[in-house]
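Student: Top to bottom, those sequences are chains E and Z.
Residues 1 to 205 in this note's numbering are what the first sequence spells out, letter by letter.
Residues 1 to 205 in this note's numbering are what the second sequence spells out, letter by letter.
The list treats identical chains as interchangeable, and a pair is accepted whether it falls inside one copy or across any two copies.
Straight line, CA to CA, 30 Å or less: simulated DSSO-like cross-link-like pairs of lysine-lysine:
#: 1; residue 1: Lys167; residue 2: Lys125
#: 2; residue 1: Lys171; residue 2: Lys40
#: 3; residue 1: Lys40; residue 2: Lys167
#: 4; residue 1: Lys79; residue 2: Lys50
These aren't lab readings, by the way, just hints derived from the structure by calculation.
Number of protein chains: 2
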Amino acid sequence: MTSTEIPDIVVGRLPVYLRALSFLAATGQEITSSHELGEKLGISSAQIRKDLSHFGEFGKQGTGYRISHLQDQLRRILKVDHQWEVALIGVGVLGHAVARYGGFHDRGFRITLAFDNDPAKIGEKVGDTIIQDVAIMPDVLRQHDTKVAMIAVPAEVAQAVVEVCVKSGIKAILNYAPIHLLVPPDVHVQYTDPITHLQRMTYYL
Amino acid sequence: MTSTEIPDIVVGRLPVYLRALSFLAATGQEITSSHELGEKLGISSAQIRKDLSHFGEFGKQGTGYRISHLQDQLRRILKVDHQWEVALIGVGVLGHAVARYGGFHDRGFRITLAFDNDPAKIGEKVGDTIIQDVAIMPDVLRQHDTKVAMIAVPAEVAQAVVEVCVKSGIKAILNYAPIHLLVPPDVHVQYTDPITHLQRMTYYL
Numbered sequence: 001m002t003s004t005e006i007p008d009i010v011v012g013r014l015p016v017y018l019r020a021l022s023f024l025a026a027t028g029q030e031i032t033s034s035h036e037l038g039e040k041l042g043i044s045s046a047q048i049r050k051d052l053s054h055f056g057e058f059g060k061q062g063t064g065y066r067i068s069h070l071q072d073q074l075r076r077i078l079k080v081d082h083q084w085e086v087a088l089i090g091v092g093v094l095g096h097a098v099a100r101y102g103g104f105h106d107r108g109f110r111i112t113l114a115f116d117n118d119p120a121k122i123g124e125k126v127g128d129t130i131i132q133d134v135a136i137m138p139d140v141l142r143q144h145d146t147k148v149a150m151i152a153v154p155a156e157v158a159q160a161v162v163e164v165c166v167k168s169g170i171k172a173i174l175n176y177a178p179i180h181l182l183v184p185p186d187v188h189v190q191y192t193d194p195i196t197h198l199q200r201m202t203y204y205l
Numbered sequence: 001m002t003s004t005e006i007p008d009i010v011v012g013r014l015p016v017y018l019r020a021l022s023f024l025a026a027t028g029q030e031i032t033s034s035h036e037l038g039e040k041l042g043i044s045s046a047q048i049r050k051d052l053s054h055f056g057e058f059g060k061q062g063t064g065y066r067i068s069h070l071q072d073q074l075r076r077i078l079k080v081d082h083q084w085e086v087a088l089i090g091v092g093v094l095g096h097a098v099a100r101y102g103g104f105h106d107r108g109f110r111i112t113l114a115f116d117n118d119p120a121k122i123g124e125k126v127g128d129t130i131i132q133d134v135a136i137m138p139d140v141l142r143q144h145d146t147k148v149a150m151i152a153v154p155a156e157v158a159q160a161v162v163e164v165c166v167k168s169g170i171k172a173i174l175n176y177a178p179i180h181l182l183v184p185p186d187v188h189v190q191y192t193d194p195i196t197h198l199q200r201m202t203y204y205l
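Put together the whole structure using the sequences plus the hints.
Tutor: Right, here's the structure in full:
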């Protein structure tokens, strides 16, 4: 089964299922059901069963899902059954918070590279990694065969930084800069901008 | 025109349009077109025109949009033509970064309240506000008639914190905790979890 067959909206729900399963597992629970997951996630149980059925049979009618098994399968499908090395680009206030956030490790990601253009920061440690000069970034990214980057630079320079990333082999970009990025079709971008989320809600208030 | 008539997916694109317009305005540009916006955003110009047509006529055929006018209209539609007071709940590493993030002010939001349960933090300043004891949060939220909250507490306590928020009048929640929240139908929640974004991309790698 190739990825092109699965709607992206289905793919987007899998990490949410995985997160809910990990939360249940942490409480010691071993079995769950599409009904229980649906209640926790505000998604219909039929939708959950349909989403999962794209990838195989993970539970038995009437007995539910073994949580650890379904976690393993989802990790495999999402390719986070191993850790991805991630490059953090831009180590300002936000970049620092991202690097210090402890939640990446057990969910498939590890920040192993960090870059900034501020001479005062280069050589300093952020999280577990040493901040390097963004000028040597292309070489370092290629050397490490890094595929995943998080962009936390000012909006004005984000597009230029991303172009360097793309040329250096980055294929997945989580963009914290509040600007839309133009990338080739084989490069994936996800956006995280708190204000667009907030504005989407105030519309309804 | 009531909000129920407009698909939520359209509402979700308006903040992205507003962000792009602000970026163009910052460069001194005065006029744009659905074509130019579409190129910048990777959205078809027809889609942009259709989205905007839900709310009125904002440009003239052949002359494009006056950027400042369209910004004003989108701010009005999204109700960010004034500043919303926002309560930040949880002032750990992430909460600190959120509070220090300078991007809220000119996009309709201001963190005016901050709460934590750590006695060592209560009374300290974060950003422009003093951290208060979460125990007095219900009273303070009601007193200020606060409608918008950002949740940056650990996942284990997020649901309990949100229930207090909802009882205290909060209607829009931006959730940084990596867990799905259950809220009444009249309360809006948006999620910001970097890992779900990353996992959605690694699927394709």
